[in-house]
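There are 2 protein chains.
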Amino acid sequence: MSILIGNAVVGQSGGPTSAINATLSGVIKGAKELKASGTINTLYGMLNGIEGFLEERLIDLLGFFDSEDKLSILEQTPASALGSCRKKMPSLESEDVIYEKLLAIFKKYNIRYFFYIGGNDSMDTVSKIGRYTEKCGYEMRVIGVPKTIDNDLMITDHTPGFGSAAKYIATTTQEILRDCSVYTLKAVTIIEIMGRDAGWLAASAAIGRKVCGYEPDFVYLPERDFDMDKFLSDVRSALDRHPNVVIAISEGIHFADGSYVGSALQNGAVDVFGHKYLAGGGKALEGIIKEKLGCKVRSIELNLCQRCAAHIASKTDIDESVAVGKAAANAAAQGESRVMMTIDRTPKETYEVSIGTVCVDEIANQTKLVPDNFINEEGNGVTDECVDYLLPLIQGEISTIYKDGLPVHVII
Amino acid sequence: MSILIGNAVVGQSGGPTSAINATLSGVIKGAKELKASGTINTLYGMLNGIEGFLEERLIDLLGFFDSEDKLSILEQTPASALGSCRKKMPSLESEDVIYEKLLAIFKKYNIRYFFYIGGNDSMDTVSKIGRYTEKCGYEMRVIGVPKTIDNDLMITDHTPGFGSAAKYIATTTQEILRDCSVYTLKAVTIIEIMGRDAGWLAASAAIGRKVCGYEPDFVYLPERDFDMDKFLSDVRSALDRHPNVVIAISEGIHFADGSYVGSALQNGAVDVFGHKYLAGGGKALEGIIKEKLGCKVRSIELNLCQRCAAHIASKTDIDESVAVGKAAANAAAQGESRVMMTIDRTPKETYEVSIGTVCVDEIANQTKLVPDNFINEEGNGVTDECVDYLLPLIQGEISTIYKDGLPVHVII
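Going down the list, the protein sequences come from chains A and B. Residue numbers for the first sequence follow numbering that gives the first Met the number 0, so the first one is 0 and each next one is one higher. Residue numbers for the second sequence follow numbering that gives the first Met the number 0, so the first one is 0 and each next one is one higher.
Check before you lean on any hint, since a few could be wrong.
[Stated by the list, open to error] Straight-line C-alpha distance at most 30 Å; calculated DSS-like pairs for lysine-lysine:
{"hint": "1", "chain 1": "A", "residue 1": "Lys402", "chain 2": "B", "residue 2": "Lys289"}
{"hint": "2", "chain 1": "B", "residue 1": "Lys209", "chain 2": "A", "residue 2": "Lys69"}
{"hint": "3", "chain 1": "A", "residue 1": "Lys209", "chain 2": "B", "residue 2": "Lys367"}
{"hint": "4", "chain 1": "A", "residue 1": "Lys289", "chain 2": "B", "residue 2": "Lys289"}
{"hint": "5", "chain 1": "B", "residue 1": "Lys87", "chain 2": "A", "residue 2": "Lys87"}
{"hint": "6", "chain 1": "B", "residue 1": "Lys314", "chain 2": "A", "residue 2": "Lys314"}
{"hint": "7", "chain 1": "B", "residue 1": "Lys295", "chain 2": "A", "residue 2": "Lys86"}
{"hint": "8", "chain 1": "B", "residue 1": "Lys347", "chain 2": "B", "residue 2": "Lys87"}
{"hint": "9", "chain 1": "A", "residue 1": "Lys185", "chain 2": "B", "residue 2": "Lys100"}
{"hint": "10", "chain 1": "A", "residue 1": "Lys86", "chain 2": "B", "residue 2": "Lys282"}
{"hint": "11", "chain 1": "B", "residue 1": "Lys314", "chain 2": "A", "residue 2": "Lys402"}
{"hint": "12", "chain 1": "B", "residue 1": "Lys86", "chain 2": "A", "residue 2": "Lys185"}
{"hint": "13", "chain 1": "A", "residue 1": "Lys291", "chain 2": "B", "residue 2": "Lys282"}
{"hint": "14", "chain 1": "B", "residue 1": "Lys86", "chain 2": "A", "residue 2": "Lys86"}
Note that these hints are calculated values from the structure, not bench results.
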């Protein structure tokens, strides 16, 4: 393999997470080694993903992050420090001018290493850019680096960003369980958790089972059709056992006909990828419980905090996110291209992972659902196997640096 | 002063906070000293406040918390470990049998020290029980220990529990500001914060101003009538300056006629104290901005996490909460009764407090609002004086003890 010499560029895309900047830090650390070995001259950061790249909005990341201390702060900063975008790339067959434009910019800046940190839709971008540059004979190593709190990417055991979201959800669920237990009055509390198609995040509400023995009475995932009669019967039976019933639901729960439980409250808006904006499953169920069961009921939407509560990040997740970013730089230097980095769990008693790669075309536009053996028979909770899978991902706490009582963040 | 010998009892009442158990720990620590000196035989904990006391649901707290380690865990446990209630005591003039019943239980257990940790409504209970037992000539020292995330108690500089809620809100606001800044699309994010009558919690969203320079564009408090035209003009002008507008509102914001901004979504339910259940100001404004300004808009209700996110508690708040509980035991031993403990801020450059007492009758059923000099002229933000008042209260982080990735809690 010949050494490919030139510059590198990295971008962040899709929804933010608490760990996406840790991955960026890893790419920067890897790029510093590539610069030291003479492989690259610098690593550019594209502002607002591929959209900003098309406008040549680039910054010199090796100059900006010139100390380990700055990188430590970057690793504890939530959301995409470089900004993000939600641009859907046209098909290659469309022969859209956007690809020519991209190629011209790659040439102008002598970009030979392209890193894109994102989820499903971003891997689609990586796949298309990789195939286009290959077709044109422009030598550039194109690497997708996974990130999504949703944990719904194929092949990788889990995704960077998920562990921190899971830790936030598991911790917050325990705090809400304590809060809801103080009164003797019958009451139902519904925690609405992110997850459009996959129920990984909602499942994380149950992690406490194997830590302290406390968890919500029920967890409803989008992997099972939602049955209102069964739900009301579940809640009734729980209220017979104890006064404070706590339920976790995924925002994506839907009836057998595919319509969302919260759809009565939806406005029908869709994002550029055609995903429906979801919210309101909790509010809808709140109204129904009030009407049918007549008890006090409250719904709590965990909302954005699930992806940005970096102060309670999982150390395991942050460490892995940095490692994945660094491994991406190494893999590119080794000649890999059109791959996505993966985290592979070693089949051992104790949790251990290695980092690998997979052809990015196998990843794009697919969704990894919670498997059948992780969901209980009644479809209203998760199995011990599921908790065993989740528990290692929330281990460890980061030593957050605070200034005057608030966590310190990098702002570019 | 003669030494009053007997037993002590402590209860928790009203809504939970992240620090109410730290105060309980302080009372236990103080009671251990009283036991050592022979003043009391034990400290009972009443389960579910005065309601549980009436059913003689008592536990021996000195036996349960027999180590410093257990008390440390208690101090990091959110919500009322003893359970709570929302019982409104009848007026003394009603000559309700409840008072005779209470007196009989006091006598049965030889209760001579009565500690009640709570907010405004709980101080009403303390005042009534204190006056009743005095009237009957039953010697018992009755002490109110303040707690409320709302910070709306009179005379005390601030209330235990507020600092931790403020730190959660200030931290979460910064994380949301980072999250909202990633896209270039015009968007408005509304953070709805607790506070029925007083805007202290919403004001805390602005603390970042003096730490990192970032804060929401506007903060709307219930101390000012809400004007929809002015609000829309504020938001329009902010959107002209930058794409990502973030607004903090108190749940209690209302129009000049007193009707709540979220009232279109209210169900009119009231709690036993006649307070309206509030929610929905953010959702109401979300709909109006969507309609009038046509941009992307999202509302986030911080909800219960404001009072139970103990993992991000303020060390200043937790330390003061313990100290106030301990001081309550000492004050009772010194002969004080029918008082509420206060935190008094020393008028110095650097933050310093002492703990005092005030006649509880001066506290009950009053609300301390955010003063005029803490609110800006336009009524859409807070002044530097306000931030200077708030900033010391969120200082310091507790060393949370974790087990298997989750904070450890005491469950009684």
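Evaluation of the provided hints:
Annotation: proposed proximity of A:Lys402 to B:Lys289 is violated, straight-line Cα distance about 37 Å (limit 30 Å). Under the criterion of a C-alpha separation no larger than 30 Å, the hint pairing B:Lys209 with A:Lys69 is consistent with the structure, at around 21 Å. At roughly 44 Å between alpha-carbon atoms, A:Lys209 and B:Lys367 are farther apart than 30 Å, so this suggested pair is violated. Between A:Lys289 and B:Lys289 the alpha-carbon distance is near 29 Å, which keeps this suggested pair within the 30 Å criterion.
The straight-line distance between the Cα atoms of B:Lys87 and A:Lys87 is roughly 58 Å, outside the 30 Å bound, and the hint therefore fails. Among the hinted pairs, B:Lys314 with A:Lys314 is consistent with the structure: their alpha-carbon atoms are about 22 Å apart, no more than 30 Å. Between the alpha carbons of B:Lys295 and A:Lys86 the distance comes to roughly 16 Å, so the proposed pair stays at or under 30 Å and holds. Proximity of B:Lys347 to B:Lys87 is assessed by CA-CA distance (about 39 Å); at most 30 Å being required, the pair is judged violated.
Simply put, A:Lys185 and B:Lys100 have alpha-carbon atoms about 26 Å apart, close enough for the 30 Å limit, and the pair holds. This hinted pair checks out: A:Lys86 and B:Lys282 have alpha carbons roughly 28 Å apart, not beyond 30 Å. Restraint check: the Cα-Cα separation between B:Lys314 and A:Lys402 comes to about 14 Å, which is no more than 30 Å; the hinted pair holds. Taking the CA atoms of B:Lys86 and A:Lys185, the gap is near 15 Å; set against the 30 Å cutoff, the hint holds.
Note on A:Lys291 and B:Lys282: the hinted pairing holds, with a Cα-Cα distance of about 24 Å set against a maximum of 30 Å. Taking the CA atoms of B:Lys86 and A:Lys86, the gap is about 55 Å. The hint is violated against a cut of 30 Å.
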